[in-house]
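Chemist: Here the protein sequences line up with chains A and B, keeping their order.
FYI, our numbering numbers position 20 of the first sequence as 22, with every residue one higher than the one before it.
FYI, our numbering numbers position 158 of the second sequence as 160, with every residue one higher than the one before it.
Treat the hints with care, as some may be off.
Which copy? The list can't say, so a pair holds if one copy fits it or any two copies do.
[Said to hold, decoys possible] Straight line, CA to CA, 25 angstroms or less: simulated SDA-like cross-link-like pairs of lysine to any residue:
(1) K196 with V76
(2) K74 with P116
(3) K106 with H162
(4) K155 with D66
(5) K102 with H158
(6) K170 with S33
(7) K106 with H158
(8) K55 with E35
(9) K74 with H115
(10) K74 with D120
Simulated from the structure, these hints should not be mistaken for laboratory data.
Number of protein chains: 2
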Amino acid sequence: MVNYPNLKKISASHAAFQDETKHDTARRGYSLENALNQSNQVYLTRQRAVIHKKPTPIQIVKVDYPSRSAAKIVEAYFKVPSTTDYNGIYRGKYIDFEAKECAKGSFPFKNIHPHQIDHLEAVVFHGGIAFLIIAFTQKNEVYLIDACYVIDKFRHASRHSLLYEDIKEHGYLIKQGYAPELDYLSVVDEVYFKED
Amino acid sequence: MVNYPNLKKISASHAAFQDETKHDTARRGYSLENALNQSNQVYLTRQRAVIHKKPTPIQIVKVDYPSRSAAKIVEAYFKVPSTTDYNGIYRGKYIDFEAKECAKGSFPFKNIHPHQIDHLEAVVFHGGIAFLIIAFTQKNEVYLIDACYVIDKFRHASRHSLLYEDIKEHGYLIKQGYAPELDYLSVVDEVYFKED
């Protein structure tokens, strides 16, 4: 297995695409979200796609307005998301996905909300491209797996998780690199546009 | 001009689609966002489209974890949005829009961020459907106006606003009703799918 140095050196606070942090071995903590944000920024800049992460849904309860400064939220709570984290447009098609990290050798279904499964199903119904991106952090492998496979297993399988072996067999390994760090759109080309 | 009672009676805290509040005249405050959320919920339920409002982008600074209760955000700030508020899929196409209320007879360009204009332009470039929904609250009229018209005026016009008359001439009046409260997809059918 090839070792992919980029993915291991992105700090959790690393906003997006800053070269200097790539070579800072003191910063640890692989972050799938950062790798995807950087990749989406690269795709956007190259006019290949417009795909963004949605903001985290938050219930704001109390906001202070200190004089001469920005409004400050002083009480808020995380809400359960009703959709997936990422969506946008690629090659004229609507694209929608959820991204998840797994520390161990399986993806437990408790890591995805039933609302998100319903949402992916609705996207497929309306003709969109829908999938999950699942990162196995210990193995340093990231897979794209079609939503239909996951929905079917979520609804009908007796096991409440997807095994690494299932994902390896039914998913597609995403190539890791420099820019984009995770070239998942090349997998989308292969899987969803193969007739072209 | 017809008076549309629904739109005037939705309270700002009204989550979505609760019949009882519709007849509560004590609750005031027209909210375009609530009307759109209700409409999107109706479209979703009827399997006509999957369109959601994105959560408000927030920079979280500090989170407390009180024992036995949910994580509490105690310091956070509003961020400038880099995209529009609404997107999704309709008739297999990517759809993306921003919604704005105007109290007076014009839409000032300072009410839209340059990043949002860039975003709408990128959506059009990639073949998506992009527009603004602009509500004139005093007139109780809501218009859909194609993004290309707005982008052109934003970039090239000397005036830093769109007048009500411009929007009335170049936009499309959205029919208001009960469910959906704002039937903007019928306008999308007419404007973006007219060959079908």
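Chemist: Now, for every hint given, state plainly whether the structure supports it.
Modeler: These are the hints, each one checked on the structure:
1. K196 with V76: neither (50 angstroms within a copy, 48 angstroms between copies)
2. K74 with P116: Cα proximity of K74 and P116: across copies only (24 angstroms, versus 33 angstroms in one copy).
3. K106 with H162: within (15 angstroms within a copy, 55 angstroms between copies)
4. K155 with D66: For K155 and D66, neither the intra-copy (46 angstroms) nor the inter-copy (36 angstroms) Cα distance is at most 25 angstroms.
5. K102 with H158: within (21 angstroms within a copy, 43 angstroms between copies)
6. K170 with S33: within (20 angstroms within a copy, 48 angstroms between copies)
7. K106 with H158: within (23 angstroms within a copy, 55 angstroms between copies)
8. K55 with E35: both (9 angstroms within a copy, 21 angstroms between copies)
9. K74 with H115: Intra 30 angstroms, inter 21 angstroms, cutoff 25 angstroms: inter-copy only.
10. K74 with D120: Neither. Shortest intra-copy (34 angstroms) and inter-copy (28 angstroms) distances fail the 25 angstroms Cα cut-off.
The structure is inconsistent with the numbered hints 1, 4, 10, although it conforms to all the rest.
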